[in-house]
Every structure is written in structure tokens, then in C-alpha cells.
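Engineer: These are the residues of each chain, in order.
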Amino acid sequence: MKLLGLSFILISAYYLQKEICYKMKHRQNQLQVFVQSLTTLKGEIIYCNSTLPEICIKLGKRGVGGVEGFFYRVGHTLRENLGNSTFCQVWEKESKPLISELKLDSFRFVQLGRQLSTGDKKEKLEQLEWYISQMKDNLKREQHLINERIKVTRSLGLAGGCLIVLLLI
Amino acid sequence: MAYESEACMARGKRAKHLEEEINRILPVKIRQELLRAIPSYENLQEIRLRTGCPMCIQYENQEFFLNIKGTLTTSYEDGMIIEEEIINEILEYVCNYSVYAYDKELRQGYITIQGGHRVGVAGTTVVEGDRIVKMKHISFMNIRISHEVVGCARNMIPYVTKEGELCNTLLISPPRCGKTTMLRDLIRIFSKGEGLKRGYTVGVVDERSELAASYMGVPQNDLGPRTDVLDCCPKSDGMMMMIRSMAPQVIAVDEIGGSRDVDAIKYATNCGCTLFATVHGTSMEDVRSRPLIGSLIDMHIFKRYILLSGGKNLGKIETIYDDMGNCLGG
Chain A
4 MKLLGLSFIL ISAYYLQKEI CYKMKHRQNQ LQVFVQSLTT LKGEIIYCNS
54 TLPEICIKLG KRGVGGVEGF FYRVGHTLRE NLGNSTFCQV WEKESKPLIS
104 ELKLDSFRFV QLGRQLSTGD KKEKLEQLEW YISQMKDNLK REQHLINERI
154 KVTRSLGLAG GCLIVLLLI
Chain B
581 MAYESEACMA RGKRAKHLEE EINRILPVKI RQELLRAIPS YENLQEIRLR
631 TGCPMCIQYE NQEFFLNIKG TLTTSYEDGM IIEEEIINEI LEYVCNYSVY
681 AYDKELRQGY ITIQGGHRVG VAGTTVVEGD RIVKMKHISF MNIRISHEVV
731 GCARNMIPYV TKEGELCNTL LISPPRCGKT TMLRDLIRIF SKGEGLKRGY
781 TVGVVDERSE LAASYMGVPQ NDLGPRTDVL DCCPKSDGMM MMIRSMAPQV
831 IAVDEIGGSR DVDAIKYATN CGCTLFATVH GTSMEDVRSR PLIGSLIDMH
881 IFKRYILLSG GKNLGKIETI YDDMGNCLGG
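Top to bottom, those sequences are chains A and B.
Throughout the first sequence, residue numbering follows our numbering, covering 4 to 172 in sequence.
Throughout the second sequence, residue numbering follows our numbering, covering 581 to 910 in sequence.
Keep in mind the hints are simulated off the structure, nothing from the lab.
Please note: incorrect hints may appear among the correct ones.
Stated by the list, open to error - Sample of chain B residues at the chain A side, in silico, Cβ under 8 Å:
no., residue
1, H597
2, L606
3, E669
4, Y673
5, V679
6, Y680
7, E745
What the hints assert, rightly or not - The list that follows gives simulated cross-link-like pairs (lysine-lysine, DSSO-like), each with its CA atoms no further than 30 Å apart:
no., chain 1, residue 1, chain 2, residue 2
8, A, K45, B, K714
9, B, K772, B, K896
10, B, K684, A, K45
11, A, K21, A, K45
12, A, K99, A, K124
13, B, K742, B, K883
14, B, K714, B, K772
15, A, K96, B, K716
16, A, K125, A, K154
17, A, K45, B, K609
18, A, K99, B, K609
19, B, K883, A, K125
20, A, K96, A, K45
21, A, K99, A, K139
22, A, K124, A, K106
23, B, K716, A, K124
24, A, K61, B, K772
25, A, K124, B, K896
26, A, K125, B, K684
27, B, K714, A, K124
Owing to the predicted nature of the structure, the values given are computational and were not obtained by experimental measurement.
Where is the CB? At the ideal position from N, CA and C, for every residue including glycine.
Build out the structure end to end from the sequences listed, making use of the hints.
Structural biologist: See below:
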């Protein structure tokens, strides 16, 4: 029984640290997907001259939840409710879950939405480039931080588990 | 009886579509007031919006201003003032939330929306050299509601055909007298083969998106099942392209006049295509006096000239001439 209990503690400690690491990694991945999506958005605007609802729906089709879910919701709402709310209103409303999930700077993100629907192609290109470069810098910083955190969590999780086992023995 | 009920149903369907298409581009505030003031958009012709000025509408051939109470008035002092935000919001809806994607159209001064309605814009133009590169600070809008007049060209059919053969036809009238509407119906009739032995393949070169009113490449007006449309293409290049690629039996173009148009018309008629075209003009003499179109008349390229009336008899056939100048009817 004792041995079973010990192995149970060790396994739970292992999975706990794995779960925490996964969550951290997931955020990092989602941030990467977000940067990729913005780059695609930029490309679609420059090369295909596509409209924002079309682009958002296209980006939303790549997957479910997170960044893709956000784009899908925005595209779908725009397509369904033309004449009822502006792009900025839809973007702001749908961005709340994404901002909290990816811990984005809400002011900058809403500002981006405000600028996307107005202005010409050149302005759009500059705005997107600026935002993408900011996101890339953030991502680089975060990547470094997350990697360190993952290492610490892994070591702590394992050490904690071992400590409990030793104490119990 | 059955025909009447069918026509009534089609009218109702069209009115519903029209309401949806216009409502999609109007902000909620304006839409509500407009719907209160007008029971149906069917007789609505224009909506004019100017920043800081009252909203003006052309309804049943009369000018009205929309006031805050949601009623129509003829006095502009009582009209609902349009703010800059409203114009910006409409522009956003008209451009499908993507103003950048309509740069070219904005430079031309108009955007065609779903349903074939045309939104004219005016503001500040940015000029580089002698070219307009951008339109900014858009403060004026004119939403022109497209109305198809199905069947308006039926009376022309006996004159446009001779012994079963189609004749090259030129429609002549002053601006806003229904040339384009007539030509559109003529295309539809020949494409469907209505009242004819058979239908014809029609190639439409729609330089200003007025005939087909294409939205994302799809014609919004009924041009018949045998019609191919080349949208936003210069007439001269478009006619050549149509002949090479789609082999039409009939080519239709609106508002000819340039030297390149004349060359393309000669080429098209030499290829065995029948040509339906329109030109601005008040009379045969007026058209003949122009060097380029006059040369086409002298060469007997067109076999029929149809003059449309303005004023009270708007869009009605005034006179029909053949290439020898004989009056065939009217």
C-alpha cells in the first residue's frame, strides 16, 4: 500500500509539472500562431486585395479555439451583421477572450482593430509591420522567460515529489 | 391571372432584396428614420449625404429631406444633419469593412455594391503629377439605387432584326434618359431569346459596371443565360478580348466615343459580330457632327439608330432610323 501511495505521489507530481509546462508552452505556441496569422493577414491585404471578413474567415478555418477561433468569430460576425456594427466594435468585442488567454496588451490590440478598417494599403502595411515587430520582440522575450520557467517547474515538480516521498518514507 | 400573381411575387421579392441591400450599408440610426419615413424602397432613387448638411433623398421623382422625427420634408432647415462619423461608417459598410481594398474604385469616384447600386463619393483628392492617386476625407456620398426596367426594350425588337438577321444598333439619347437601361434590357431579351426564334450569345464589355452591375465578378442585373460579362475593362480592349475568348454573336457596349472604341467597333463588325452600343446625343445631326462617330455613320456600320426621348416621355422611343436615314418608326 505504501509503495502504491508513493508511486501515486510521484506520478501526480510528474503530471502536475507537465501540465504547468504545457500551459506555458501552449501560450507561447498561440503567440506564434498569432504572429503568423498577422503576417498572413498582411500578405492577403497586399497581394490578394482581400477584404477583412474574407481574410478573417480564411484564418479562422485553420483550426478551432484560441487565435483561429478569434478570427473565425470576427469574420463570421462581420459577414452576418453588415450594417449593424463597425469593424472596430466587432474586433473589440471578440478580442476579450483572446487578450486574457494570450495576456496581450489590450490597448494596442484594440488600436490595431481600429486602424485596420480605415486608411489605405500603405498605412495598413506600416501598421501591421509595426505591430508584428512588436509582437516578435515580445515573443522572443517571452520565449526566453518561458524556457527558464519550464526548467524551474520541471525541477521543482520532480524535487517536490521526491521530497514528499522521502518524508513519507 | 397566373402571370399577374407571378409578376406580383417577383416584385415583392425584388423589393425585399432591395431593402436588404440598402439597409446593409446604412447605419442603424439612419436606417430606422428612413424606414419610418418611407414604407418601401421601391420608389427610392437616390440618397444624398453631405457632412454637416441635412440628408436628402430623391423619392418618386421628387426631392425630400429626412427630418429627425422620421418624416419627409421639403424644407432643408428641418432635415436631419449628417455627421462625419455617419459618412465614415457608411464608407466602412460600403467597402465591406476594408477601405484599402477599394482604393481604385474610390479614385474613380464610385463603388458598385451588391444589387448593382452605385455609391458615388467626393472628398479631397491627392494628385501626383496629373494622376489622382488617392481620395481622402470623404464627406459627400450619393447612393444611387439601381432599378431594372424589365421589358422596356420589347418594342425595339422588330426594328433591331431584319429578315431574321440582327442589325448593328446605336441607341442615342441625352444623359439620364435611359440608354443604359434600354441596352441592358435589349441584352437580356436577346440572351433569353424572348420573342425571337432563338437566344444569342452576348458579350458585354462593362467598363463602368453599369450594365451588369457586377459585384465581385457576378452580375447583379439579369442579363440572360447566354451573356458573358467583362467587368471594369476598357471598351476597346474588352471588345477584342471578348471576340478572341468568348466568340459572342452580339457585343454590347455602353457610351462609345473614343478613337480606340471606333477602331474596336470596326474590328468587331468585321469579325461578324452584331454590335449594340449607346452614345450621348440629342439628335442624329448632333451625333453625325462628331468626327469619330460620324465616320461610323458614313461607313454604314450601324444599320439602326434609335433615339430616346427625355423630359416627360423619359426613356420612350422617339424615332428609329436605318443606315440610309429613313425613318422606320417612333
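Engineer: A separate judgement is required for each hint: does it hold in the structure or not?
Structural biologist: Verification of the hints:
no.: 1; hint: H597; result: violated, 15 Å
no.: 2; hint: L606; result: holds, 6 Å
no.: 3; hint: E669; result: holds, 6 Å
no.: 4; hint: Y673; result: holds, 5 Å
no.: 5; hint: V679; result: holds, 6 Å
no.: 6; hint: Y680; result: holds, 5 Å
no.: 7; hint: E745; result: violated, 44 Å
no.: 8; hint: A/K45 <-> B/K714; result: holds, 20 Å
no.: 9; hint: B/K772 <-> B/K896; result: holds, 22 Å
no.: 10; hint: B/K684 <-> A/K45; result: holds, 19 Å
no.: 11; hint: A/K21 <-> A/K45; result: violated, 36 Å
no.: 12; hint: A/K99 <-> A/K124; result: holds, 27 Å
no.: 13; hint: B/K742 <-> B/K883; result: holds, 10 Å
no.: 14; hint: B/K714 <-> B/K772; result: violated, 41 Å
no.: 15; hint: A/K96 <-> B/K716; result: holds, 28 Å
no.: 16; hint: A/K125 <-> A/K154; result: violated, 43 Å
no.: 17; hint: A/K45 <-> B/K609; result: violated, 33 Å
no.: 18; hint: A/K99 <-> B/K609; result: holds, 27 Å
no.: 19; hint: B/K883 <-> A/K125; result: violated, 51 Å
no.: 20; hint: A/K96 <-> A/K45; result: holds, 22 Å
no.: 21; hint: A/K99 <-> A/K139; result: holds, 21 Å
no.: 22; hint: A/K124 <-> A/K106; result: holds, 29 Å
no.: 23; hint: B/K716 <-> A/K124; result: holds, 13 Å
no.: 24; hint: A/K61 <-> B/K772; result: violated, 38 Å
no.: 25; hint: A/K124 <-> B/K896; result: violated, 46 Å
no.: 26; hint: A/K125 <-> B/K684; result: holds, 14 Å
no.: 27; hint: B/K714 <-> A/K124; result: holds, 11 Å
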